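Enquirer: Residues per chain are reported as follows:
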Amino acid sequence: MADKTPASVSAALAAATCSLLGSMPAAPVQAEEEPDWDFNTALLYYGEDNDRVQDLSLNILARRYYVDDRSLTLGLTVDTLTGATPNGAIRQNVPQTFTRPSGSSAYTVPAGELPLDDTFKDTRAAVRVGWEQPLGRLWKTSVGFSGSREYDYTHLGLNGSLARDFNKRNTTVSAGFAVAHDIWDPVGGAPIPFAPMLDVGDTSNKTGSETKDIIDVVIGVTQVVSRRMLVQLNYSFSNSSGYLTDPYKMLSLVDGTTGDTIPRVAAPGAEGPSHEFRFENRPGDRTKHSLYGQAKYYMAGKVLDASYRYMTDDWKIDSHTVDLRLRWPLGEYSYIEPHFRFYTQSEADFYTISLVDGAELPRFASADYRLGNFDAMTAGLKYGWKTRTGNEMSVRAEIYTQNGTIPGDRLIGNQVGRETYPDLDAVIVQFSYHFSR
Amino acid sequence: MGVEPWERDILAKEEMQLTTDPIEAAIDDHIYFSKEASSGGRGFGGGGCGCN
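Read top to bottom, the protein sequences are chains A and B. Using my numbering, you'd call the opening residue of the first sequence number 1 and step up by one each time. Using my numbering, you'd call the opening residue of the second sequence number 1 and step up by one each time.
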């Protein structure tokens with residue numbers, strides 16, 4: 001089962017999707033008659049506490065430079081994911097049994113513990129291909145393809161961008177687009193929205209595969225402010241439509257007075273859920289708008305990289321992200337770079353921790369903690385150095401924490417004092433090697 | 001605002017590029033895409049995995 005995990009670094013998308021406008025580094029200055037390969041490689045470990053998601057990821061991004069500033073980019077990412085992830089159900093004072101997504105067996109969560117689905121284990125491969133070239137003296141264009149495949153998810157995407165320099169190349173205006181068609185083929189089938197979790201072997205609550213389509217547009221301006229300062233401002237529009245639900249997430253159906261999950265009895269001789277659980281249901285459309293600003297400032301050898309992003313969407317989620325990095329040289333061949341990131345988001349308007357038995361079902365509902373109200377912080381340090389052969393290496397170690405809140409007026413009966421947001425602590429360790437041939 | 005072509009010595013440094021490490025940027029974008037409800041901004045919004 002494929003999870004929702006981190007660093008499944010869709011190189012495909014990660015690189016392809018993340019990059020076009022500004023994420024790619026400027027081509028290094030080099031002799032035009034010397035086509036060259038440039039390799040960025042990285043080995044990443046991402047690990048969450050309490051045996052939650054673990055990811056080991058190998059990333060390779062190769063770029064070949066041709067004459068006239070043309071370049072070909074090839075990216076590959078392979079992720080290996082294991083661990084457990086919150087399934088959306090709430091804690092209970094008694095053990096809870098859940099039918100696995102495959103429908104072929106069940107798992108039990110001890111009393112008082114946050115229900116985690118420990119069945120996912122996935123390998124993911126992602127590729128990207130990009131071509132970039134000038135169009136005349138002031139224009140530059142790029143086109144790209146991205147694709148990824150994991151056990152239950154397939155992604156196919158195309159992207160392109162166009163940029164023009166103005167004002168002695170001090171101003172660059174760019175526009176990019178990306179379209180993607182993704183296919184969900186969940187283990188056991190995609191659940192019918194709000195369908196109850198059934199006994200092992202009963203798959204009448206599941207259908208087949210689902211799809212979603214994504215359109216992204218990014219418009220940006222990059223401006224040289226001075227000899228030491230560069231700024232960028234982007235506006236992004238993103239629309240997703242189709243199956244936006246997480247097929248592995250559910251909600252507990254609770255008693256309106258006690259707040260406890262309604263017990264359930266499996267059919268005679270069958271193994272099945274100990275309580276009533278309903279699969280989640282999200283809207284089939286989501287539109288996001290983002291404003292992103294970044295500044296790079298050079299101060300006597302040190303470089304400050306500061307960015308801010310505001311995002312709002314029609315799921316009523318608003319978020320603010322601040323990211324700060326300070327690259328501090330240590331002599332001529334090495335540097336350290338402290339990194340700090342702060343993120344805060346408001347909850348989706350259909351986020352809830354449980355459904356009340358007997359009450360009218362809402363149109364949409366999800367207990368996915370990632371749609372809740374939380375703050376997150378990243379703090380880390382990177383050390384980079386040049387080798388004797390002129391190649392570059394770096395290691396970074398970071399911690400990532402999420403702290404959420406569930407408003408008291410959302411808690412019913414016994415949920416007060418028992419239900420808490422599933423906070424997260426994770427470590428990120430990465431080794432990178434950059435070389436040319 | 002801006003500089004003359006011969007004043008680009010500092011701006012041409014690798015550490016002054018908007019994205020100095022494309023793989024790290026992609027990794028970070030994907031981690032946060034997987035764990036938070038926001039994505040994109042610097043570039044496209046992401047996707048390409050079942051992470052929602």
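It is worth saying that the hints were derived from the structure and are not from the lab. Keep in mind that the hints are not guaranteed to be accurate.
[Stated by the list, open to error] With a cut-off of at most 20 Å between alpha-carbon atoms, the simulated DMTMM-like pairs for lysine to aspartate or glutamate come out as follows: (1) A/K316 - A/D357; (2) A/K316 - A/E271; (3) A/K382 - B/E15; (4) A/K168 - B/E4; (5) B/K13 - A/D38.
Quick caveat: nothing in here was measured; it's all calculated off a predicted structure.
Enquirer: Given the hinted pair A/K316 and A/E271, is their Cα-Cα distance within 20 Å?
Expert: Given that 20 Å is the threshold and the Cα spacing comes to 39 Å, the pair is violated.
Enquirer: Does the structure keep A/K168 and B/E4 at a Cα separation of 20 Å or less?
Expert: Holds: A/K168 and B/E4 sit about 7 Å apart, inside 20 Å.
Enquirer: Take the C-alpha atoms of A/K316 and A/D357, compute the straight-line distance between them, and say whether it is at most 20 Å.
Expert: violated (26 Å)
Enquirer: Has the given pair, B/K13 with A/D38, been kept, meaning a C-alpha gap of at most 20 Å?
Expert: It holds: about 17 Å lies between the C-alpha atoms, which stays within 20 Å.
Enquirer: Are the Cα positions of A/K382 and B/E15 separated by 20 Å at most?
Expert: Between A/K382 and B/E15 the Cα gap is close to 14 Å, so the pair holds against 20 Å.
The structure fails to meet hints 1, 2 from the earlier list, while all remaining hints are met.
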